[in-house]
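Number of protein chains: 2
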Amino acid sequence: MYKINTNYQKLPGSYLFSTIAKKVSAYKETNPEADLIKLGIGDVTQPLVPAIIDALHGAVDEMADKDTFRGYAPDLGYEFLRNAIVENDYKKRGCDISADEVFISDGAKSDSGNIQELFGTDNIIAVCDPVYPVYIDSNVMAGRCGNYDEKTGKWSDVVYMPCTRENGFVPEYPAKAPDIIYLCNPNNPTGTALNLDEVQGWVDYARKNGSIIIYDAAYESYITEPGIPHSIYQCEGARECAIEIRSFSKNAGFTGVRLGFTVVPKDIAAGGVRLRDMWARRHGTKFNGAPYIVQRAGEAVYSAEGAKQVAEEVGIYMKNAHALKDGLKDAGYEVYGGVNAPYIWLHTPDDMTSWEFFDFLLEKANVVGTPGSGFGPSGEHYFRLTAFGTYEDSMRALERIKKL
Amino acid sequence: MYKINTNYQKLPGSYLFSTIAKKVSAYKETNPEADLIKLGIGDVTQPLVPAIIDALHGAVDEMADKDTFRGYAPDLGYEFLRNAIVENDYKKRGCDISADEVFISDGAKSDSGNIQELFGTDNIIAVCDPVYPVYIDSNVMAGRCGNYDEKTGKWSDVVYMPCTRENGFVPEYPAKAPDIIYLCNPNNPTGTALNLDEVQGWVDYARKNGSIIIYDAAYESYITEPGIPHSIYQCEGARECAIEIRSFSKNAGFTGVRLGFTVVPKDIAAGGVRLRDMWARRHGTKFNGAPYIVQRAGEAVYSAEGAKQVAEEVGIYMKNAHALKDGLKDAGYEVYGGVNAPYIWLHTPDDMTSWEFFDFLLEKANVVGTPGSGFGPSGEHYFRLTAFGTYEDSMRALERIKKL
Numbered sequence: 026m027y028k029i030n031t032n033y034q035k036l037p038g039s040y041l042f043s044t045i046a047k048k049v050s051a052y053k054e055t056n057p058e059a060d061l062i063k064l065g066i067g068d069v070t071q072p073l074v075p076a077i078i079d080a081l082h083g084a085v086d087e088m089a090d091k092d093t094f095r096g097y098a099p100d101l102g103y104e105f106l107r108n109a110i111v112e113n114d115y116k117k118r119g120c121d122i123s124a125d126e127v128f129i130s131d132g133a134k135s136d137s138g139n140i141q142e143l144f145g146t147d148n149i150i151a152v153c154d155p156v157y158p159v160y161i162d163s164n165v166m167a168g169r170c171g172n173y174d175e176k177t178g179k180w181s182d183v184v185y186m187p188c189t190r191e192n193g194f195v196p197e198y199p200a201k202a203p204d205i206i207y208l209c210n211p212n213n214p215t216g217t218a219l220n221l222d223e224v225q226g227w228v229d230y231a232r233k234n235g236s237i238i239i240y241d242a243a244y245e246s247y248i249t250e251p252g253i254p255h256s257i258y259q260c261e262g263a264r265e266c267a268i269e270i271r272s273f274s275k276n277a278g279f280t281g282v283r284l285g286f287t288v289v290p291k292d293i294a295a296g297g298v299r300l301r302d303m304w305a306r307r308h309g310t311k312f313n314g315a316p317y318i319v320q321r322a323g324e325a326v327y328s329a330e331g332a333k334q335v336a337e338e339v340g341i342y343m344k345n346a347h348a349l350k351d352g353l354k355d356a357g358y359e360v361y362g363g364v365n366a367p368y369i370w371l372h373t374p375d376d377m378t379s380w381e382f383f384d385f386l387l388e389k390a391n392v393v394g395t396p397g398s399g400f401g402p403s404g405e406h407y408f409r410l411t412a413f414g415t416y417e418d419s420m421r422a423l424e425r426i427k428k429l
Numbered sequence: 026m027y028k029i030n031t032n033y034q035k036l037p038g039s040y041l042f043s044t045i046a047k048k049v050s051a052y053k054e055t056n057p058e059a060d061l062i063k064l065g066i067g068d069v070t071q072p073l074v075p076a077i078i079d080a081l082h083g084a085v086d087e088m089a090d091k092d093t094f095r096g097y098a099p100d101l102g103y104e105f106l107r108n109a110i111v112e113n114d115y116k117k118r119g120c121d122i123s124a125d126e127v128f129i130s131d132g133a134k135s136d137s138g139n140i141q142e143l144f145g146t147d148n149i150i151a152v153c154d155p156v157y158p159v160y161i162d163s164n165v166m167a168g169r170c171g172n173y174d175e176k177t178g179k180w181s182d183v184v185y186m187p188c189t190r191e192n193g194f195v196p197e198y199p200a201k202a203p204d205i206i207y208l209c210n211p212n213n214p215t216g217t218a219l220n221l222d223e224v225q226g227w228v229d230y231a232r233k234n235g236s237i238i239i240y241d242a243a244y245e246s247y248i249t250e251p252g253i254p255h256s257i258y259q260c261e262g263a264r265e266c267a268i269e270i271r272s273f274s275k276n277a278g279f280t281g282v283r284l285g286f287t288v289v290p291k292d293i294a295a296g297g298v299r300l301r302d303m304w305a306r307r308h309g310t311k312f313n314g315a316p317y318i319v320q321r322a323g324e325a326v327y328s329a330e331g332a333k334q335v336a337e338e339v340g341i342y343m344k345n346a347h348a349l350k351d352g353l354k355d356a357g358y359e360v361y362g363g364v365n366a367p368y369i370w371l372h373t374p375d376d377m378t379s380w381e382f383f384d385f386l387l388e389k390a391n392v393v394g395t396p397g398s399g400f401g402p403s404g405e406h407y408f409r410l411t412a413f414g415t416y417e418d419s420m421r422a423l424e425r426i427k428k429l
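Residue numbers (the numbering used here), protein chains in the order written: chain E, 26 to 429; chain H, 26 to 429.
What the hints contain is simulated information worked out from the structure, not anything from laboratory work.
Please note: incorrect hints may appear among the correct ones.
Which copy? The list can't say, so a pair holds if one copy fits it or any two copies do.
What the hints assert, rightly or not - With a Cα cut of at most 27 Å, we get these calculated DSSO-like pairs of lysine-lysine: (1) Lys389 to Lys47; (2) Lys179 to Lys311; (3) Lys47 to Lys91; (4) Lys116 to Lys428; (5) Lys233 to Lys28; (6) Lys311 to Lys28; (7) Lys311 to Lys291; (8) Lys63 to Lys91; (9) Lys35 to Lys311; (10) Lys427 to Lys333; (11) Lys48 to Lys428; (12) Lys48 to Lys291; (13) Lys47 to Lys176; (14) Lys427 to Lys117; (15) Lys428 to Lys344; (16) Lys201 to Lys344; (17) Lys344 to Lys28; (18) Lys427 to Lys389.
On a predicted model such as this, the values are computed, not experimentally measured, just so you know.
With the hints as extra help, turn the sequences into a complete structure.
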């Protein structure tokens, strides 16, 4: 008789965004006339830019001709894309990363979820609190987090590093060093960012303690301030302790196109075993590459035209972010983020819980956001709004919230 | 100090196709003039058909317009595709499968590798021998197979079900029932297929013993004989015990496009926990959908034009298969498969090992095939040739082999 993976049963309720979707759909059922504005899930709304569309059409045409048709992609991804990444994302920033350390994937979510497979189940993980739920959930599924306490909203074996207004959203070093440290920078959902010195501090801490940092830089293209690193490899020693996960979803609007990559430097090794080789083995065994046409689209992001066009799209979202942030501040809200990330992180008024404020906003303003507590216990009394809507929708939402 | 997943270290050497690639590239280095014909890896060579190309271009254009742009896909995949699958792959064959039991993915390899996550590490798996290496390797990575014995080529905790000329390539029921049974039908690499009665026998066996069948039907569109099931759900009771994995790679030439799906019926449950819900949770947590444009391409496979065109492509490969099989038989080889699958499975002459025959064919005929022993110990003294080359290449390879 087969036995299921009982770790799945430990996961409480559904995934955050599924719960929101259910609540919204129930509201729509009873209020079919409601004109909802969704600033909840971090999904882009701008169409793909012309340079990417051209690259997609061109690659589709190649697939129509037997002389240019492409079957299985190379395990790590096409060299044209890996080289463009190395050149633009790393060399230009002074980071020493080579193409055989770059692994193309179908997105940062898959990589964030799968990377934990390289580690034994006896590792202790640490996460910022609040944070993107996939880090913990994927570890729970593998049996790594102990048990969930409904009262505290915490897993018994996870090290939580609160990021709140009290500490300026800068996580503190745990007294006992965890084995694996997840850092999302700029952070989702708080929209705040650690500067280069602070990230260097984490690299130093990891090297001193033999920890691995899993650095999620999905939002790096939204950084507007100097002094915030775009890659952890801008820090000295990061090649020995840090894996970096990157996405095309937010910078190039690829949420429905699916493309990301992970960098695993060859310098990370335990007992002579290189994590880079383990990840290569995983790619070769349980994955078969991102589509050729999508990899060509990714290459176009780095072309002169493509880079200019995607920067303009990022600019559109950041204009929303600034307007939302300023408007909410004017309306008396306590607001964070929105400067180096497309997320506005507000403290709920009147001591409302995050879900109370979610319901309040849904019912009174017909605006959908994301409850901060869905990202971790320290997210309670916070609320996330994204800047990924259109400018019009963002401003309409703002007006409605101001009137509450 | 972090600890790696030591199960990875148990895996012997590299993945089969990586080893072949290295050998071929070494040969080319010393013989730059050699005109190699590759009938090794199961990769398609025909371009995408016009109906699929049109669908891709159309979907790319939608992504260029903000009114038709698509961001994140629904967790299970778009309904238009899941409905087309249910209608064409299941209802038309009398199988009772609903759209919310179909999970769209980036390919059968990912699903084959990931599906084991739903089960505890104490399950015993059974595989046909020889078989697609991903089934075992993905279980080894999770710590499920015990230890590898270099002498026998077997894992201590895996139940091997030999499929050889002696038993007509029909696996026998293990005396002690395994928990999870992988069946690939038609089978890769042998190219042989179980008929409906034989598959029904496995369904009955699984139900009686509380086992789960993971049924890989990646090659179902190559079936030419009546009496061979295209889906395990043609068998009575399969909804209670069988998960089916399907691919667009081989029927529609999607090896570089990436699309597949897995069916997990709601009737499979252990202690009230439905595997379907667990798989939905995995999809929601560690995956973010196949690209919209690729899902539209998948839909086109089921259109009237698309279905006709992909059937013609399958016909091209099967013409190769028949010609290769007949030609090799004429030349005195002992040949199997090639009737319901695009694989020719030959017994090596002169008691050569599989790898000896690989080297012999590479050096003397400049033809690249796949050593049978790479698919399991019972594959020793066998060799796989694929029908995925062009007709010209297949015939040139045949002529060279005949002259040996």
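Go through the copies and call it for Lys47 and Lys176: within, between, both or neither, with a Cα cutoff of 27 Å. Close inside one copy (24 Å), not across copies (55 Å); limit 27 Å.
Check Lys427 against Lys389 for me: Cα-Cα at most 27 Å, and say if that holds within a copy, between copies, both or neither. within (11 Å within a copy, 80 Å between copies)
Have a look at Lys389 and Lys47 and pick one of within, between, both or neither, based on CA distance no larger than 27 Å. For Lys389 and Lys47, the Cα distance is within 27 Å only inside one copy (18 Å; across copies 64 Å).
Can you tell me if Lys179 and Lys311 fall within 27 Å by alpha carbon in one copy, between copies, both or neither? The answer is between: 21 Å across copies meets 27 Å, while 31 Å in one copy does not.
How would you label the pair Lys48, Lys428 (within, between, both, or neither) given a Cα cut-off of 27 Å? within (23 Å within a copy, 71 Å between copies)
Should Lys63 paired with Lys91 be assigned to within, between, both, or neither, using CA atoms and 27 Å as the limit? Answer is between: at 16 Å across copies they meet the 27 Å cutoff, but 44 Å inside does not.
Between Lys311 and Lys291, at a C-alpha cutoff of 27 Å, which is it: within one copy, between copies, both, or neither? Both: 21 Å inside a copy, 25 Å across copies.
For Lys233 vs Lys28, is the C-alpha pair at or below 27 Å within one copy, between two copies, both, or neither? between (41 Å within a copy, 15 Å between copies)
Regarding Lys428 and Lys344, is the shortest C-alpha distance of 27 Å or less found within a copy, between copies, in both, or in neither? within (22 Å within a copy, 71 Å between copies)
Please sort Lys48 with Lys291 into within, between, both or neither, judging by C-alpha distance up to 27 Å. between (46 Å within a copy, 24 Å between copies)
When Cα atoms must be at most 27 Å apart, do Lys116 and Lys428 count as within-copy, between-copy, both, or neither? For Lys116 and Lys428, neither the intra-copy (49 Å) nor the inter-copy (53 Å) Cα distance is at most 27 Å.
Between the shortest in-copy and the shortest cross-copy C-alpha distance, which are at most 27 Å for Lys35 and Lys311: within, between, both, or neither? Cα proximity of Lys35 and Lys311: in one copy and across copies (25 Å, 16 Å).
The structure fails hints 4, 10, 14, 16 and 17 (numbered hints given earlier, in ascending order).
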